[in-house]
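K.L.:
Each chain, letter by letter, is given below.
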Amino acid sequence: MQIQSMHFQARAHKALADEKLQSVMKRFGSGFVDKRAAARTELGVELFETLRTASAGIRDRGLANLDVWLRRFEEEARRRGATVLWAADGAEVRKLVLEIAARHGLKKAIKSKSMVSEEAGLNEALEGNGVTPIETDLGEYIIQLAKEPPSHIIAPAIHKDLQQVSDLFAEHHRRPRLEDIGKLTREARLMLREHFLTADLGISGGNFLIAETGSVAIVTNEGNGRMVTTMPKVHVAITGIEKVIPTLEDFATLMRVLPRSATGQAISNYVSLLTGPRAASDLDGPEHMYFILVDGGRTELVGGDMQEMLRCIRCGACMNHCPVYQTVGGHAYGWVYPGPMGSVLTPIYNGIENALDLPQAATLCGACHVACPVKIPLPELLRKLRERQMQAKLRPWSERAGFCAWAFVARRPRLYALATRIAARAMKLLGGEKGTISRLPLGSGWTLGREMPVPEGKTFRDLYAARPKRGN
Amino acid sequence: MRVGLFVTCLVDLMRPRIGFAALKLLEHAGCEVFVPSTQTCCGQPGWNSGERSSARALAEKLIGEFEACDYLVAPSGSCAGMIKTHYKDLFEGEGAWLMRADALAAKTYELTDFLANVARVQQVPGAFSGRITYHDSCSGLRELGVKAQPRALLAGMPGVRLEEMKDCEVCCGFGGTFSVKFGEVSAAMAEAKCAHIADTTAEAVVLGDLGCMLNIEGRLRRRGDSKTRVLHVAEVLAADG
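Line by line, the protein sequences are chains P and B. The first sequence runs 207 to 678 under our numbering. The second sequence runs 693 to 933 under our numbering.
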C-alpha cells in the first residue's frame, strides 16, 4: 500500500472539514470504549488486569526467543503437511502468492481480513496477474467496492455511514437500493456466496501462530474466515513473524483479553485453529496449506529498545481510546495502521523520514497504554521516536534551537527571572482589555482555534520575593 | 515536615495566584514550605519532544534544588509526573545521578495527592461555593493515579456541588507542543471537551494542570463562553470566601 503518512496535517484538515466523517466519528467515540469497559467490569477489573500482565508476559516470552519458536512452528506445521514460506518484505509476499497461484492454476481468491496483505499491497498484485481477489469480511468488502484503504484495523469501514454503503451496494450490485442494515448484510452474503463456492484460493491472516502445534488461530465474527480457510483448494495464511506464541495454553490466556479489548465480547463468534491441509479422513479442508511468514521490518525491533511494540495483538483498543484518532479517523494516518500503534509501526516499517508527523501527532495522554491488553507503553515509544527524529536532525532547526534556547535560559535563574518578567508584562499588554490574545506571534497554531489567556502580569517569583514577611 | 514547593514554570509566568493557593494549602496542612528561588522548569517540554539534553540539564538543576526537602510538591500532575516517573529514564545506567533522581521521585507528589494521602488533610481552608465539574488531566490521572484525591478534598467543602461531565478522563487536546504543531486537531479536541462542560450546569470547570486550563479556557472564550470559570483545584480549595 502506498504510504501517505507525510501528509497527516493535510489529511487531518480534510477529515475535520468532512461533516459526514465527523458525525460518524462522534458516534464511534464511545461505542468500542464503552463495550470494552463493560466487558472488563463484567469479568472483574482485578482479574482483567491480572490477565493483561499475564498476556504481556506471554508475548515477551515468545519474543525473547522468537527464532526458536518460529523454528518450532515451522517444524510442527511441516510435520502436519503445511508448507512454510518466509518473506522479507511486501514484494516477496506478492511474489510468493503469485507463484502459488501459478503452480496450482488459481484464478479467484477469497480473502478474510489480513492487515499484512494490506502492508504488501497484495490485492493490486493479484488483480494485475489474473487472479481476482474478493474481500469477504463485510467491512473489507465495503471498502474494496469503494476502492478505499481500511481506516481501522478491526472495523475497516468504520468511516462509512449507512447512506454511503447503500449507495455503494446499489451501484455495484445493480439491485434496488436498500437502507436496512439487516437487508444490506443479507445482500452482501448473497453476493459473496457465489464467490465462496467458486474460489480456488483462500487467503487469510492469522491472529496467532501456535508453535507447539504448528497451527494458525483466526478470530472472526462473521464466519467468512471459516469458509475462506476450508472451502478453496488452496489456503494461504499470511502473517507477521511476531505472531508466534509458544503454546495452546498461551493462546487460551490471550483469548481472554483479545475480544474483550477489541469489541467488548467475552469471546468472538468464531475462533478457528487450523492445523495442516485436509487429511485423508477429513470431510473438508484445503488440499494445500501454505504459511507466508513476513518480516517487513519486524526484526529491526527485536532486541532493541522498542521491542515491546511486537507484543501487539492487533485488537484496535489503542485507536478506539485515542482522542486524536477519534477526532480525525484512520485515513489521516496515511498507511495500513492508524492510531497510536500505527504511529509507532508506520515510521519503523517504512522509514522514520517517511512519517515525520505521526510520532508527533499525539498528546501522550496515555489512554492507549492503559487500554492495551499487552501493556505496550505506546506514549513512551512515540516519545522515543521523537528523540530519534531529533537526533537525526529531522525536526525543523527552529524547533531544536527553541529547546536549546529554552534550556539555556531556564538554567540561568537570574536571566530566566528577567525574561519571564518581561514576557508576563508583554503578554498581558498584548491581551489588552479583553484579557485574551487572539493571534499569538510564534504560536499561530494555538490561536487558530482558541484564544490564549494572558498572564496575571507579574511572575510568582517576583510576587513571592516581595510578599510581606510574617513576624515570628 | 519540610515541603519544597515546585511552583512550575507555567504557574510562575501565567498564574501566580495558583502558586500562592498551593502555598496556603500546604501551610494550612502544617507544612514548613520552602520555595527555592532559583527554580525554573522541570525539563518536560524537552523530554516530550525528544530533546533529551535540555531535559537532562534541567533535571539536574531541579534535583539539586529540591533533594534536601522531605517532600517535593507541585500543583501539576504533568510536572510531578515528569519528576516521579520519567527522571529515572534520563539517568538510566548512571549510578549516582540515578540514585539522586530515584530518591527525589520517591518523595515527589502532585498537590492534591499530597494533601489527601500524605498530609491527610480533613479540612481545607477555602470557602468556595458553586457548581463545578472536574476535568481529570492525563498525566496526573494515568501516571500518578490522581482521581479520588481532588474529589475527596472538594467533598469536604460544604459550598461545592460537583457535577461530573461526560468523558471527564478524556484528554482536552493540549499535549504541550502538540497544541501548536497540530493546532487544528488540538482545538477540535478542546471543543469536544468544552461541549461536555457546557452540557453540565457547572459554573466552573476545575482541574489540576495549567496547560489544560489554558487550553480549555482559550477554547471556551473562542466559542463565545465568557462566563464559565476555569479554576485550578488549588484556587478552589484555598479560595477566600
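Keep in mind the hints are simulated off the structure, nothing from the lab. All C-beta atoms in this analysis are idealised placements derived from N, C-alpha and C, irrespective of residue type, glycine included. Be a bit skeptical, because a hint or two may be false.
Said to hold, decoys possible - Label pairs and their calculated CB-CB ranges:
hint, chain 1, residue 1, chain 2, residue 2, range
1, P, Pro602, B, Pro817, 42 to 50 Å
2, P, Ser644, B, Gly822, 22 to 30 Å
3, B, Asp781, P, Thr259, 36 to 44 Å
4, B, Glu784, P, Gln370, 28 to 36 Å
Stated by the list, open to error - The following residues of chain B were derived to be distant from chain P, with all beta-carbon distances above 10 Å:
hint, residue
5, Gly787
6, Ala808
7, Val810
8, Gln814
9, Ala840
10, Glu855
11, Glu856
12, Val872
13, Lys873
Unchecked claim - Covered stretches of chain B, as calculated for chain P (at least 3 residues, CB under 8 Å):
hint, region
14, 703–710
15, 788–802
16, 889–900
K.L.:
Just pull the numbers of the violated hints for me, sorted ascending.
P.N.:
Hint check: 3, 4, 12, 13, 15 and 16 fail, others pass.
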